[in-house]
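Engineer: Kindly generate the complete structure, drawing on both the sequences and the hints.
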Amino acid sequence: MDGPGGLREPVFVTGLGTLGAWGSGCDGLAAALAAGAPLAVEVDRAAGYHLPGGARRACLLPAGALAGWLSPAESRRMSPPSKLAVAASRMGLRCAGIDAADPADAAGQAGTAVVIATAFGPSTNTETLLKQILFENPEAASPSLFMESVANAPAAQIAIALKARGASLTICQREAGPLIALGTGAAEIAAGRAGRVLAGSVDEMTPLLHALLDRFGALARAEAGGEELARPFGRRRNGFLAGEGGAVAVLESAAGLAARGGHALARILAWGSAFDPTATPSGWGGGHRALARGLRRTLERAGVEPAGVDLVVSGAAGSIDGDRLEAEVLRAAWAGAPLPPVAAPKAVTGEYGGGHLAAAVLAAAGHPLGPTPGCEEPDPGLGLSPLDGSPLPPPSVVLATSLAAGGAAAWVVLGRA
Amino acid sequence: MQPDQPDRRVAVTGVGAVCGLGWGIPPLWAGLRAGQPGIGPFQRFDHSQHRTHLAAEVEAPPATLARVCPGWRRLSIADRFALFAALEAVETAGLATPFDEEAGIGVYFGSSTGGMYESELFFAEFLRDPRRARLSALIPQQVNAPGDAVARHLGVTGPVATYSSACASGALALGAALAAVRSGEVEVAIAGGSDSLCQLTYAGFNSLRSVDEVPCRPFRAERAGMSFGEGAAVLVLEPLERALARGAEPLAVFAGAGASCDAHHMTAPDPSGAGAAAALEAALADAGLAAGTIDFINVHGTGTPLNDAAEWQALRRVFGERAGGMPLVATKALIGHLLGCSGAIEAVATVLCLRHGELHPVRWDGAADPELPVALVLDDPLPLSGARAAVSTSLAFGGSNAALVFSRWMGPAA
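For the protein sequence lines, the chains are A and B, in the order given. Our numbering numbers the first residue of the first sequence as 1 and each following residue consecutively. Our numbering numbers the first residue of the second sequence as 1 and each following residue consecutively.
It is worth saying that the hints were derived from the structure and are not from the lab. Hints may contain errors.
[Claimed, not checked] Capping the alpha-carbon separation at 25 Å, the derived lysine to any residue pairs in SDA-like fashion look like this:
| hint | chain 1 | residue 1 | chain 2 | residue 2 |
| --- | --- | --- | --- | --- |
| 1 | A | Lys131 | B | Ala124 |
| 2 | A | Lys163 | B | Ala124 |
| 3 | A | Lys163 | B | Ala285 |
| 4 | A | Lys131 | B | Asp46 |
| 5 | A | Lys131 | B | Ala285 |
| 6 | A | Lys131 | B | Pro130 |
Structural biologist: Put into structure tokens, the structure is as follows:
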């Protein structure tokens, strides 16, 4: 089928750059996913934003993860998400074997589009700027902070750093944004609007944002004497682990890939999205039938029967209602047939920051995914169990799913390159 | 840019808008025809300590809206704008709502700051005393909230996506919607944008010294910056044959869209205009139209010295000798800069100009900039009943550029 979701031309992921709690690079992420251990650390609570007894941990970028990827001038002027975006893009291009500084690549740069998702934009800069405006004086507002407070700053900085002169798109659709960005990027290639696309997701997790998510009851809380764990699809799940980081995939057409003699990590077979209008603005709805229809349509576009999906890389992150809805959507889409193995990598990477997107690409590239934290006690009401660490054959078809609080949903079907 | 399905022409069958000129298309068109800026003193927040003191603020909504829209009082101002514009557009298009679950409807929205105004109220309270702040005030703060609110209210189950590329957001959302309709991804797209006045952007642009102390004066010699506006605009898009089959009267044909990035600087445009020209050329190619077939341009025209100069260079690159004589419409001079919504409401203005066969003017005194010899429509509406096609440009922060091409609906035989 033609169209944005159907991808009438083959689109390949030829490079992947990632940064997150695992450090920088795909090797670190692949090792963390194989180990299946959460990467959360203590959040700085010194500002007093957090509730006593509230969530304390998040999957945060370790110090030094950006070293070597940005010039000192870039580090000085960019917001945290912009730094993540530029570093992940450079990493992705290197992974693809593309030298972004090579003058011979000028045509490639000119035809490069950038599609970046962010749920919250540059939160540090926004918070600082608001403090200046609201508590000092509006005239105290810093112009450099302002220009790096807009949601599209990361995409713009990628374009500036890499001379990417194609379309520059920033997508804000909460947890569904990363897969929409990947799909939109693929559609840009398939429709001939771009020769190369840098598509991905970035987010930072500030103490303020962490505290607010916790106040909404979204984050995992420690049970008596226990750990804060996300436990996707688990009986004792009570929220997600917040995360931060960046993931940028390099997308190219078959012709583009062949012309430069590169290799691919995975192929994007199709993508799709849908909306559940029964969801509240910050919660989950009960519209699994409509979402399942959207998922089935996505699989049809990929030319894949549900039984042909070897692995689901789910966006489930430990939300009580969100994981329930995800399970209902999958069961409805499979119409009673047995579900394939379901991975839930956000239990390792945290929610936000592109870890899930990167995990899906790595899974399609053949990297094994390990056990899911909390998987020893699956929720019997959900009808599925996440990966428990048992070895699986390398998948030929991977379905990445992501449902967002508020109603949006997106899916990407990935195949072997 | 190659169209996904070049034969699948896309009609604009509904439009809706709210801005400083009023709630709805009738006051918008009347205000645009009058050419009188709706920019003046405003009340949304205390701006006594800010550098400038003008905006095109939206007046209080009609009381009936709160009764029509469930949960109206819990919506942010940007959500309310979006919902009103969407309801008006859908009604204009003659579509029944809520939509059927399998109707194939998608929502494509642009916003720069979503519910930032409400977030500021929350943060002011939270940062003073975290115990007292009401979390409910923060719920609609996300940038995707206006588009989501529209989808939720209309019962949309298809794709919903929010684009936040600063001042190009609305135009980029429309471009995405066009691609989705052409490709068959959706049967109908509800596409537009919404943004409300807030202190973050007001102080932020003032910190860049890019806000004029008087109503903005695009392309004039004495121009000194932009003026803020707020509001929402929505267009209903559907395949032309579908619209005709159900008896809808197309308001215009959405012929093409293009996008590019300057890759030059976070806030300053590429002075050569090359990036903006690339978006224009991509949009014309997407529409399958030559530059010579364009009869007028709804310019981005912010009124900042650098932006207008770069836009003029882009027009020269694309339209050559014709650039100086082609009528230019400067909507921001009347309704201010609606940021993430500007591309959408200027698309609506472009459709209205094509539909009515006249271009809206801007009334003001002042000198033309000899460096920018443009043919702005001034003082009185310019009759242009023969206009066949027009372009609307959006040139944003971060160098993100978008251009949209609309053509006049001249009947099925044309």
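Engineer: Flag every earlier hint the structure violates by its number, smallest first.
Structural biologist: 2, 5
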